[in-house]
Structure formats: structure tokens, C-alpha cells
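From just these sequences and the hints, can you work out the full model?
Quick note, the sequences are listed as chains A and B, same order. Start counting the first sequence at 1; every next residue gets the next number (my numbering). Start counting the second sequence at 1; every next residue gets the next number (my numbering).
Worth double-checking, as some hints may not be accurate.
Heads up, incomplete: computed chain A residues facing chain B, CB under 8 Å, no partners named [to be verified]:
(1) Pro90
(2) Tyr91
(3) Arg100
(4) Phe102
(5) Leu107
(6) Phe108
(7) Glu109
(8) Gly110
(9) Met111
(10) Met118
(11) Thr119
(12) Met125
(13) Met129
(14) Gln132
(15) Met133
Take a look, some chain A residues computed to stay more than 12 Å from chain B by CB distance [to be verified]:
(16) Arg30
(17) Lys205
(18) Thr253
(19) Leu268
Honestly, the hints are just simulated from the structure, not real lab data. Cβ atoms here follow ideal geometry from the backbone N, Cα and C, with glycine treated the same way.
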Amino acid sequence: MNDLTGGNYTTEDGRKIGNTMMEMKNITLRFGGVVAIKDISFDINEGEIRAIIGPNGAGKSSMLNVISGFYNPQEGEVWFHGKKRAPMRPYQVARQGIARTFQNIALFEGMSVLDNVMTGRLTQMKSGMLSQMIWKGKAEKEETENREVVEKIIDFLEIQAIRKTPVGRLPYGLKKRVELARAMAAEPKLLLLDEPMAGMNVEEKEDMSRFILSMNDEFGTTIALIEHDMGVVMDLSDRVVVMDYGKKIGDGTPDDVRNNQEVIDAYLGVAHD
Amino acid sequence: MPEQLLFAMEVTLNGLMAGVLYALVALGFVLIFKASGIFNYAQGVMALFAALTLVGIMEGQIPFAHIINAIFGTELHHFGWHVPALLAIILTAGVMVLFAWLVQRYIFQHLVNQEPIILFMATIGLAYFLEGVGDLMWGSDIKKLDVGLPQGINDWIDVTTLEALGYGFFIDNLDISATVVAVFLVAALIIFSQYTKQGRALRAVADDHQAALSVGISLNFIWVLVWSIAGFVALVAGIMWGAKSGVQFSLSLIALKALPVLMLGGFTSIPGAIVGGLIIGVGEKLFEFAIGPLVGGATENWFAYVLALLFLVFRPQGLFGEKIIERV
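Spelled out as C-alpha cells, the structure:
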């Protein structure tokens, strides 16, 4: 088993992986008496596609919520870019350059696709409220720049045709894509995807995989994702964390994980005698 | 043109002007309801409080003078200066921002994720609390509010219509300025919500809290902002009503007239609040004019509520509200 923690390795397809960007140290998260995450540590390196997998109720989404600040763990430390992170609120995490999508899609249903994606740029807007109201100078320049970034992302994700459509009217697969576009618009250092392919058909899954890969390749975005579909996970990710009942039972390259007996047991079930 | 028709036209115009004031109060309700799902019963009292504070600052009244005098046996009442209207309005707006922050920090921050009815009860408490505080701070006597808006009949309209139609329209200058101010206020609000970062954030929060958090919006900040804007809208409404009929505690009852306006316009629609306000304003004036004499008058007291009731039966989501369709 090759140890890739600490980063600085080259992947099989020749991408350079940088230093450790995020490190979770001994995270424990409880809801009352229920332990959702039990003493889990793992890291995410710059430029990596990192997957968190596990059966239902394993605590994957809770883990993602810890990273994005929606939950604050009772024990353990979160390190980001070499600094220990104090307990934070989700909007503060977002401002640090960590964007995310949700399992159950959280979009602004009443707004158009374009407006939704534009909200992803909110953290990047610096000009004052009054100058934005009278549309002068810096504010105008900024707006133009933001629009350019957003249009590029819309092109990239091939959703030009629905730019002006209110999101509430879109089918599920496209909504997922718009949510991804909004997360990308923030130009995040770390992108968290909570089941980006849940409920999609084969064709939509292929599209989404393609987007995730080229996002990582072209924009150099570090991605951490949760996914149920094992085939997809193994194809996409550089390293995989496997969780079961709130514990980490495996961590390594897809090949390592595939051959890990504990992982096989967790997924296929094992006879207790 | 027959006299009756001309008279009806005049009544309609006056109704429109009155409707603008209803719309202003309703607007404050809609803003807060949209952004936070809170039905703010205290909106009317906020208008009263803002108007009281404005008068107090303009006249150089010492806040809480009654309590201070009672405790220390002093005879304080006034600082002895007068503050110009514009400066006083700015200062009062500042007080309303402070009020918004206090409300968010000490009430609603502790009630996140509570049932709407709990939030509603909290605003009822807030309304009575604020009414009491206003009373303690500035005294309970009826005050005259004059921020320099033109008052009385508009001669130009009177003379022009008299020459053209043979019947002089009686339109109050104050109503005209209220309309102009309201139009500017609404225009500014629309520009704010469409083109500024904070406006976009506000719309985002109104739509989905979780998604808003994930794009880096602080919900607390937005809620303070929206209460501040509602406070400012209340100030404008307070100035208009105060200039018209004096600043008195019955001012807080105008909040009740905003309720039928909201039933008509829908609780989440800014255009709805405006159109609803105008319909109620015109409706009650015309109804009084046409039907009032037949039923012994005083229809203005109940017309708006009966209209709202009819809307509740036939179009519960209001004119502009979103129809609620439950997916099964």
C-alpha cells in the first residue's frame, strides 16, 4: 500500500498533486447520544480529487458538513492551508474559498440560472453599495468581470440554452448542473460535492463525470466528493476515504480500497458467527 | 361632464394618495416577511416610534425625561436646541438601524428555526414593548410633525381643473409629496435589490437559507439589513401620516389597515403591496362615495376588511402571491 498522505505525488494520468490543503484531525461529531463521526482523520491535497464513500448512514454527509462549517465537531481539529481553523459559520467557510453543493439541491428557485450562478460571485464583489446603485466606475468594471467569469462557467457546463430560465422550472439533472455552476463561480480553492450524481441517468452521470474531471484538470480545482456509485468513484478519484458507522475503515487509492477486506465486508455484508 | 362623475374622479385621486400610505406600511411588512418569514406585527408601531423619535430629535426633547425627572426630582424637558429636519431624519434613520440590530441580536437570533407562530408572537411582544418605550422616551401627548413638506390645497390643480372642467379638484399638497417620495423610495428599493451585492444577497436569503449560506452570505447581516430597511420605510410612512394627522398612538393602528392590503397583494410581493394599497385606498373612498350615503356612512372602517375577506375566499394567495401547489 503506497502512502500518499502529505501530498506531492504524481497521479497515473500525470497530474501533479501539491501539498496538503486540508487536514481533518481526530474529528468526532455527536448529535445528542448519536455519534455520527467517530475519531476520523484524513487529508486533502492540492489538486486532488478526493472521494468519501460508504454505505447509507455512514456519516459521509456529516463529514462534508463539518468541512463546510454547517456542523462544528465536538472534538478534533480542522486545518486549512497549514492553519488550525476556529469553529466557523458556513458563510465564513465559504468566504475562505470552500464552495459546496448539496445532496438535495439548494438553489434559488425563483431566480434565473444566470442570477443563481451570479450569486456564486458574491464573495468576490468588493465595490460599495452606493456605487453599485448608481452603476459607476469600479462597480461597473467589477460587474463586467464577474459576468465574464460566469459566462465562461455557463459555457463550460453547457447550460447556455437555459441561461434565462427560472431554476424552479428545470428538471433535476440540470438543477444539479446549475448548482455546480454556482459553486464554481466562486472560484473555490476547495469544492465539496455532496452526491453530485445521485438520481441521474447514465448519460447525465457521464456528463457530470466529464465536468468534474475537466474542472479539476483545466481550473486546477481541488475537489472532495461523496458518491454512492462505486464505479464512478473509482474512475474519478485519486484517493478514497471509506466510512462505515461513523468510523474510517479505509483510505488510499481506488485500488487499495477495492482490495481492502474491511471495505468489502462493509459493502457486501459479512457473516457474523 | 356631469358633476357626479367629476366628483368621483376627485375621490379616486384622493383615494390613490391615501393608498400610497397604506402601500408604504404594507411594503415594510413584505420586506421582512420575504427575507425571514416573520410576519412583523410591530411594523405599524415602528412607524409610530420612528415618527416620535423624529419629532423628539427635531424639538431637542430629552429622551426618558419623565423617568429622569421622577427619579432625580429634576425638571428636565428640552436640550434647548432645534435640529434641522434633514439632519433629524438622518439621525432617526440611524436610530432605526440600531433598533434593527437590537431586534436581531436579542430576539430573533435566539429564535432561528422556530415555528412561524412563535416568531409572530415575538413581534406582538415587540410591538407592545416598542409602544411602551416610545411612550417613556418621548411622552404620550399628540405631537405636531412638520418637516417642511408643503401642506394644504394645491392651487394650481384647483385652478387648472376649474378652468378646464368647470370643477376645481381638491388635492392636498402633502398627498402629492407623499406620492412622489413613495415613488422614489420604491424605485430606490428596486435598484438596490436588483443591482447591488447586498440586494442580491437579500433576494438569495429570501429564496433559500441553506444555499445563501453556502455562497458566503451571513444570514444575520441580511436580517439586520432588512429590518433596517423596513425601519426606514416605517420612518417614511411615519413622516407622512404624522404630517397629515399628527404623531399620536393611534398611528400604530394603521398597521391593521395594511393587513387587508397584504391579503390583496400577497405577502411576498412588493408590487403586490403597492397595487394592494392603491386598490384599498381608492376602493374605500369610492365605496364611501357611492354606497356610503345608502347605508349611513362610515364604510371606510370596514370596507377594506370585507374586501380582504372576499379575497381570502376566492383568491387566498392574493393578486401577486405565488399559488401554493403541494406536490403529492
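A quick look at each hint next to the structure:
no., hint, result
1, Pro90, "holds, 4 Å"
2, Tyr91, "holds, 5 Å"
3, Arg100, "holds, 5 Å"
4, Phe102, "holds, 7 Å"
5, Leu107, "holds, 6 Å"
6, Phe108, "holds, 4 Å"
7, Glu109, "holds, 6 Å"
8, Gly110, "holds, 5 Å"
9, Met111, "holds, 7 Å"
10, Met118, "holds, 7 Å"
11, Thr119, "holds, 5 Å"
12, Met125, "holds, 4 Å"
13, Met129, "holds, 5 Å"
14, Gln132, "holds, 4 Å"
15, Met133, "holds, 5 Å"
16, Arg30, "holds, 19 Å"
17, Lys205, "holds, 23 Å"
18, Thr253, "holds, 30 Å"
19, Leu268, "holds, 35 Å"
Hint violations for this structure: none, all hints satisfied.
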